[in-house]
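*Asks:* This is what each chain is made of:
Number of protein chains: 2
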Amino acid sequence: MEDDYIYPPELLRTIDFEKEHLATYEPSISMLNPEPNLLVRPLQRSDYNKGYMDLLLSALYVRDAGISQQEFEERWDKMKASGGSYYITVIEDTSTKKIIGNAVLHVEYKFLQPSIKRGRLEDIAVLDGYRGRQLGKLLMDVTTILCKKVGCFRVSLHCKDHFVSLYQKFRFYIDQAENIMWLDKNYLQS
Amino acid sequence: MEDDYIYPPELLRTIDFEKEHLATYEPSISMLNPEPNLLVRPLQRSDYNKGYMDLLLSALYVRDAGISQQEFEERWDKMKASGGSYYITVIEDTSTKKIIGNAVLHVEYKFLQPSIKRGRLEDIAVLDGYRGRQLGKLLMDVTTILCKKVGCFRVSLHCKDHFVSLYQKFRFYIDQAENIMWLDKNYLQS
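Taken in sequence, the protein lines are chains A and B.
Using the working numbering, read the first sequence as starting at 9 and increasing by one per residue.
Using the working numbering, read the second sequence as starting at 9 and increasing by one per residue.
These aren't lab readings, by the way, just hints derived from the structure by calculation.
No incorrect hints appear here.
A pair holds if it fits inside one copy or across any two, identical chains being indistinguishable in the list.
Taking lysine-lysine pairs in the DSS-like style, the calculated list, with each CA pair at most 25 Å apart, reads:
(1) K193 / K177
(2) K118 / K106
(3) K118 / K88
(4) K118 / K168
(5) K157 / K27
(6) K193 / K156
So here's chain A without its partners, still in its complex pose:
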């Protein structure tokens, strides 16, 4: 069911990855089927049953009990209903039926610009055991290309110091005079 995807899978199929990739791959890999049993596609509503939450919890180092399937589906429906704000791309290992990679392009709508879309890259994650196989690079590449395909006028991400050189390979740069600031969690939870 095409409707089960968080964004139209056609969007991935229209990308000519042979021409448009940003990173260098050695050995060269196929972008939508990087290995015989690995498939790159949009997140599906049924992916809760393919270990999607386990991937997020383990790969993003979050200590948390996670959410129930019902909560997952409610959130999925909210994201889907917002109409083109959540471009969540995953990699499925079709031999184990598990989600082993994740990348989010989140789009915020703006009034000010000719293009309504301001993008952010979030939650790039590859499951332990699948690392060192160019999959993180591939997810970054696919997501960065999606930014352009969907028409973002501006895109950012935030990262720790040791990831800066990685993201520079995907044409991200630092403006040294700019800071990201966080609201005190004690205030939020008070």
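Could you slot chain B onto chain A? The hints should help.
*Replies:* Only chain B this time, still in chain A's reference frame:
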């Protein structure tokens, strides 16, 4: 028409600003009616006709032709339809019927946390001629309190160096090891 608001105005009315404000005001001002003719409220669909785009264009220093009323309303409808993602607060000068202040709390939905909501503060702006009257401070205060009221588990903003000390007053802090990176505009527009 209550339906004309981007978020329910009740949300502002339920905040006890006398107790909950974060900044210090001298002289003390009323949060929802800071001066006799100034009113703090959610953005309305009809605010295009009250100079909303002029405020954004001038106060955020964007060189742009802006958008038409029809485009504005289409974007407004998209934001409203996304269901609780856009908390846009404005200040209207009721004597001139012009919008003179703006602050955005944008909420991204997440799967990972017990709370679905990850907030960002954006586009805090006060019209030239209204500055020095504690209105920027008031907009920051209202928006920060909204973050808590709507249940964000995490909130950030990004800013230039010279604004850091201002935002620290509202309980925002810098993590020095963290960077914001921008995608090359030449790539996006290629």
